[in-house]
Each structure stands twice: as C-alpha cells, then as structure tokens.
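Please model the entire structure based on the sequences and the hints provided.
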Amino acid sequence: MTPPDERRRTVSVQGLARVEGEGSLRVEVRDGRVEDVELQIFEPPRFFEAFLRGRRATEAPDLTARICGICPVAYQMSACAAVEDALGMSVGRGIADLRRLLYCGEWMQSHSLHVHMLHAPDFLGCQDAVEMAQQHRPAFERGLALKKMGNRIMETIGGRAIHPVNVQVGGFYRAPSRAEVAALAGPLTDTLTLALATVEWVAGFDFPDVHGDYRFVALREPGRYPLGSGRVASSDGLDTSPAGFADLVVEEHVARSTALHARLEDRLEYLTGPLARYALNSAQLPDEAARAAADAGLGPSCTNPFQSIIVRAVEIVFACQEALALVERYEPPDPPSVPVPAGGGVGTGATEAPRGLLFHRYHIDPEGTITAAQIVPPTSQNQITIESDIRRTVQASLDLSDEDLTWRSEQAVRNHDPCISCATHFLDLTITRQ
Amino acid sequence: MTVTGARHVVIAAVGCEFRRDDGAGPAVLDRLHGELGGAEVLGALASPLDLLGAWEGAELAIVIDAIGGDEPGMLHVVEVDLGSSPDACALPVSRSSSHGLGVMEALRLARVLGSGPARVVLVGVAGQDFGEGVGLSPSVSAVVDRAARLVAELAVTATAGVR
Chain A
1 MTPPDERRRT
11 VSVQGLARVE
21 GEGSLRVEVR
31 DGRVEDVELQ
41 IFEPPRFFEA
51 FLRGRRATEA
61 PDLTARICGI
71 CPVAYQMSAC
81 AAVEDALGMS
91 VGRGIADLRR
101 LLYCGEWMQS
111 HSLHVHMLHA
121 PDFLGCQDAV
131 EMAQQHRPAF
141 ERGLALKKMG
151 NRIMETIGGR
161 AIHPVNVQVG
171 GFYRAPSRAE
181 VAALAGPLTD
191 TLTLALATVE
201 WVAGFDFPDV
211 HGDYRFVALR
221 EPGRYPLGSG
231 RVASSDGLDT
241 SPAGFADLVV
251 EEHVARSTAL
261 HARLEDRLEY
271 LTGPLARYAL
281 NSAQLPDEAA
291 RAAADAGLGP
301 SCTNPFQSII
311 VRAVEIVFAC
321 QEALALVERY
331 EPPDPPSVPV
341 PAGGGVGTGA
351 TEAPRGLLFH
361 RYHIDPEGTI
371 TAAQIVPPTS
381 QNQITIESDI
391 RRTVQASLDL
401 SDEDLTWRSE
411 QAVRNHDPCI
421 SCATHFLDLT
431 ITRQ
Chain B
1 MTVTGARHVV
11 IAAVGCEFRR
21 DDGAGPAVLD
31 RLHGELGGAE
41 VLGALASPLD
51 LLGAWEGAEL
61 AIVIDAIGGD
71 EPGMLHVVEV
81 DLGSSPDACA
91 LPVSRSSSHG
101 LGVMEALRLA
111 RVLGSGPARV
121 VLVGVAGQDF
131 GEGVGLSPSV
141 SAVVDRAARL
151 VAELAVTATA
161 GVR
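Residue numbers (our numbering), protein chains in the order written: chain A, 1 to 434; chain B, 1 to 163.
Any given hint could turn out to be false.
Within a straight-line C-alpha distance of at most 20 Å, the following computed SDA-like cross-link-like pairs (lysine to any residue) qualify [unchecked claim]:
hint, chain 1, residue 1, chain 2, residue 2
1, A, 148, A, 324
2, A, 148, B, 74
3, A, 148, B, 56
4, A, 148, B, 77
5, A, 148, B, 76
Derived by calculation from the structure, the hints in this document are not laboratory data.
Take a look at the structure:
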C-alpha cells in the first residue's frame with residue numbers, strides 16, 4: 001500500500017475502466033478536505049443534435065438509436081414519443097405494450113451487463129470482467145444468460161438485438177406473431193429464477209457507508225413501474241409533463257468540458273436512474289421484485305449509491321416479471337402502426353433508459369423536417385450529482401492509500417453506470433492531495 | 001451475403017459509423033459481395049461482447065475492426081491464439097468507439113470461458129480520426145474495397161480448408 005501524504009495527495013487514473021465510453025476525473029484534496037472535483041468530458045458537443053437538423057422526423061428513431069450500442073431502444077422510444085407528441089399522434093395499448101416489452105429486453109441486457117461484468121468486480125476485488133469470469137464463473141455465466149434473454153426479446157420484437165430495425169414512429173413495421181412472442185414465456189420463467197439469484201448475490205456484498213442527499217427525478221405513472229411513459233416527478237414534489245420538465249432543465253457549458261451540464265432552473269442538481277426510479281416508484285414493483293428488494297434489505301428508497309447494484313438487480317427481476325405479463329396477454333396489434341400525419345410542431349418525449357431519464361425535444365416544420373433537436377441523456381443530467389458523490393466518497397475515505405482511494409473514486413463513478421459515450425468521449429482520472 | 005447451415009466460418013464487424021474511422025469495420029462488411037465460401041455474415045455489432053454468443057460453434061471467426069496506428073489505411077491481419085496469452089497479440093485496438101468491452105476483452109473472455117470459435121482472425125483497419133461525425137478519412141476509405149476482398153479471400157480459403 002502507498003501511505004497517504006496527509007497534506008497533499010494526487011491520484012491519477014488514465015482511462016477510467018469499465019465505464020461505457022471514456023472520460024476523465026480529477027479530484028483535489030488539500031489539508032484533509034476535498035477542494036475540487038471535476039468530471040471532465042471531451043467530446044464534440046451535441047453532434048447528433050446538429051446531425052438531425054434537416055432530416056425527416058420519421059428518421060429520428062433509427063438515427064438516434066446509433067448514439068449508444070448499449071441502450072438503442074431508449075433512444076428509439078424517446079424519439080418516437082417526441083415526434084408523436086409534436087404531430088399529435090397517439091398509439092393504442094397494443095403498440096404501447098409491445099414497446100414496453102421491447103424496453104424490458106433492453107433493461108435486462110443493459111442491467112445484466114453492468115451488474116455482472118462492470119460493477120460487481122468492484123465489490124469482489126476483480127480488475128475486470130475477465131478476472132470476474134475466472135474467479136466467479138457461475139455468477140458471470142448467470143449474467144451472460146440474463147443478457148442473452150434480453151437480447152432475445154429485442155430480436156423477437158425489434159428484429160435484431162443491436163440497433164433494432166422494427167421500430168418506427170407510430171409503432172412497428174411488423175408485429176411479431178402470437179407464437180413468436182409466446183415462445184419467450186418459458187425462457188423468461190427460467191430467467192426470472194436467475195434474476196432472483198442475482199439480487200440475493202449482490203445483497204451479500206460489502207457496501208461503504210456512504211449516503212447522498214439526493215433530489216431524485218424519474219418518470220411516474222399510476223399503477224406500474226415506469227419505462228416508456230409517464231409524468232416527470234421528483235422527491236421534492238415536482239410533478240409535470242415531459243414538456244414541462246424540459247422547460248425546467250437548464251443546460252450549461254462548463255469550461256473544462258465540451259458536454260453540457262444539466263440543472264433544473266432553480267440551479268439545484270438532481271439524480272436520475274435506478275435509485276431515483278426506485279425511490280419514486282418502489283410501491284409499484286410487482287410482487288416478486290418487491291419481495292426480492294425487501295429480502296435484500298432495501299427500504300422504500302435507497303440513498304447509498306454503492307447499493308445501486310442491488311436496485312439494478314431488482315429492476316432485472318421487475319423486467320422479467322413485466323415481460324412475462326406482457327407476453328401472456330399479447331395480441332398482435334393490427335395494424336402494427338398508426339399513420340404519421342402531415343404537418344409539424346414541437347414535441348417532447350421522455351422515457352426511462354436503463355441509466356435514467358432520457359428526453360428528446362424536436363421542432364418539426366410543416367414539411368415534416370426536423371429544424372431543431374435537443375437530446376438530454378441521463379449521464380448529462382447526473383453529472384453534477386456524480387461529482388458530489390465523488391466528493392462525499394473521497395472525503396469519507398481519506399484514510400485509504402492512493403491506490404485504494406483511486407479505486408473507490410472509480411467505484412463512485414461506476415455506481416451510476418454513466419454512459420459517457422452518450423454524453424461524451426474520453427475519460428481519465430486524476431486525484432490531487434495537498 | 002451468403003448464409004448456410006454449416007457454421008464453418010463467421011464474419012463480424014465492430015464499430016460505430018458515427019465515429020468516423022471507427023466505422024471502418026461496418027463499411028468493409030457492407031462491401032462484402034460475391035463468393036464468401038458459404039461463410040455466415042453475423043453483421044455489424046455495436047458491442048464486441050455480443051461476439052460471445054454469436055460465434056459459438058464456428059471453426060473460424062473473422063472480426064473486422066478499426067484500430068489505431070501510425071499509418072491510416074494500413075490493413076493488419078492477426079490470428080489470435082485463444083489457447084495462449086491474449087496479451088501476446090500486439091494489435092492496437094481502437095479505444096475511441098462506444099464499446100462497453102473491447103474485442104480483446106471478448107477474446108480473453110472466450111478463452112477463460114472455454115467457448116468461442118477454434119480460430120479467430122482479426123482484420124484491423126488503421127484509422128486516424130475517431131471523433132464524432134460520419135464518413136471515413138480518405139486514406140481509410142481508399143482501402144475498404146481491398147479489405148473486403150481480403151476478408152472474402154480469408155473466408156473462401158478457410159471454408160475450403162475445413163470442408
């Protein structure tokens with residue numbers, strides 16, 4: 001172990017590991033106090049927002065799906081919701097349910113990847129997924145099986161697992177047959193058992209005693225856990241439409257970063273993602289997911305960011321249960337999509353990506369062409385809160401060696417599963433102690 | 001593209017077309033025409049981790065990916081021995097794409113899990129610009145057809161060899 005210098009410490013990590021995409025982090029500690037935390041992001045800002053201008057509104061779902069290889073459905077769903085809002089469209093329950101089933105598949109594959117291959121190594125002392133596979137093979141293979149089930153749902157509904165091709169504004173190009181969807185039921189039942197085992201597994205990890213005073217923001221809708229629709233709610237009483245929420249969000253440039261940092265107009269930071277969804281919607285979890293959460297020691301909300309791995313595992317259980325329910329009542333929507341009317345407008349769509357609230361806003365001219373686009377991914381919204389988390393975590397961990405403090409700081413970032421590539425490009429980590 | 005029941009040879013590309021030269025792999029895949037010796041084209045994968053399931057049972061997997069390097073447009077063909085240390089493979093894999101795990105991690109995982117194809121050949125296209133945007137650099141664009149012919153030749157030769 002490297003003994004810490006009590007007056008000044010510098011820790012540097014080049015290329016933060018196991019975070020989707022790349023970026024950098026610098027922390028300065030002086031006389032035992034964390035003085036500065038900077039999550040630095042280097043990326044040409046808002047490439048896709050510029051890329052969308054001049055494109056047909058109906059192209060938005062396919063184009064924005066390419067922003068992230070891990071959560072393409074989230075981008076497709078938010079894009080469809082925004083365009084449909086702009087054009088005054090509404091889809092029926094059959095199409096909405098099929099979208100929800102597709103989204104369950106993405107949650108399963110994305111959460112399984114993060115829990116088993118990116119986040120669990122932090123708690124098990126493994127350097128990476130390869131070491132995880134070597135030392136904890138049964139758990140790793142369980143993660144692969146869960147991910148595979150998510151991919152299978154995405155292939156069945158979306159045509160393929162990576163960048164699904166069956167989604168369009170208004171619905172789907174083709175509705176899968178009843179038999180195709182029914183074939184998911186058996187494997188999903190088996191997968192639910194695996195998901196419950198994952199909750200039990202991660203609940204046994206050792207967690208640092210760190211808690212955040214979070215302002216949670218997530219979708220909420222009556223009677224069910226949120227995925228692709230709902231109003232935007234917060235833990236301090238906000239309750240507004242996606243359009244109303246988009247009006248409240250202020251994005252600002254920070255000198256050190258080319259990504260935009262999001263705050264609400266009262267200047268306060270907020271957190272989206274599993275902890276927020278759970279805090280605002282835990283009462284809506286279906287029975288087995290709710291029992292798994294309780295058995296894992298979770299109350300109605302969780303403010304320990306390190307325990308987000310438990311919440312993600314519970315959300316995998318939810319996704320399995322929800323998918324099973326949707327499969328059982330599935331009737332192919334006929335027609336599989338509603339027609340897209342001529343005209344334009346301004347529309348906002350918000351859905352719950354695995355990593356948190358993702359909203360799109362489009363200005364569409366009367367010819368159906370996008371004239372302005374705003375895409376706000378969860379990582380942009382969470383960035384300031386992640387910095388606060390790192391500040392808290394480092395302050396509570398100054399007795400650690402530089403090596404261990406660096407590890408703990410990286411964990412503080414990975415707790416939120418940031419999809420840096422949705423918001424940015426390259427990540428390094430530097431901690432300075434003075 | 002040809003798909004057969006036999007899984008002698010599979011071909012996959014990794015990369016993102018919106019990260020300029022990172023899209024070299026999918027661009028090469030798009031140019032694959034004509035005789036592939038019955039090889040199965042898996043498509044362009046956004047995440048190399050998806051190789052883990054997709055290449056099961058194959059004798060040979062050909063993986064096309066953009067790489068870093070000093071000479072944009074240079075083609076690298078490296079056969080990875082999954083039975084030995086993957087660190088022995090010095091191919092400079094690109095870090096600029098949005099992959100959660102890289103191709104080398106997928107190869108190492110396949111080795112640890114004892115799964116994957118018997119042989120893996122990486123076809124690397126050296127790029128120079130991995131920033132956001134569409135379109136390949138001229139020096140990379142210029143070698144896409146040649147890379148596609150190279151992949152086809154590898155597939156035809158390998159397929160003939162295992163029949």
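Quick rundown of the hints versus the structure:
1. A/148 - A/324: holds, 16 Å
2. A/148 - B/74: violated, 35 Å
3. A/148 - B/56: Cα-Cα ~13 Å, so holds.
4. A/148 - B/77: Outside the cut-off at roughly 30 Å; violated.
5. A/148 - B/76: Roughly 31 Å separates the two Cα atoms, so the pair is violated.
Violated hints, listed in ascending order, are 2, 4, 5; each of the other numbered hints is respected by the structure.
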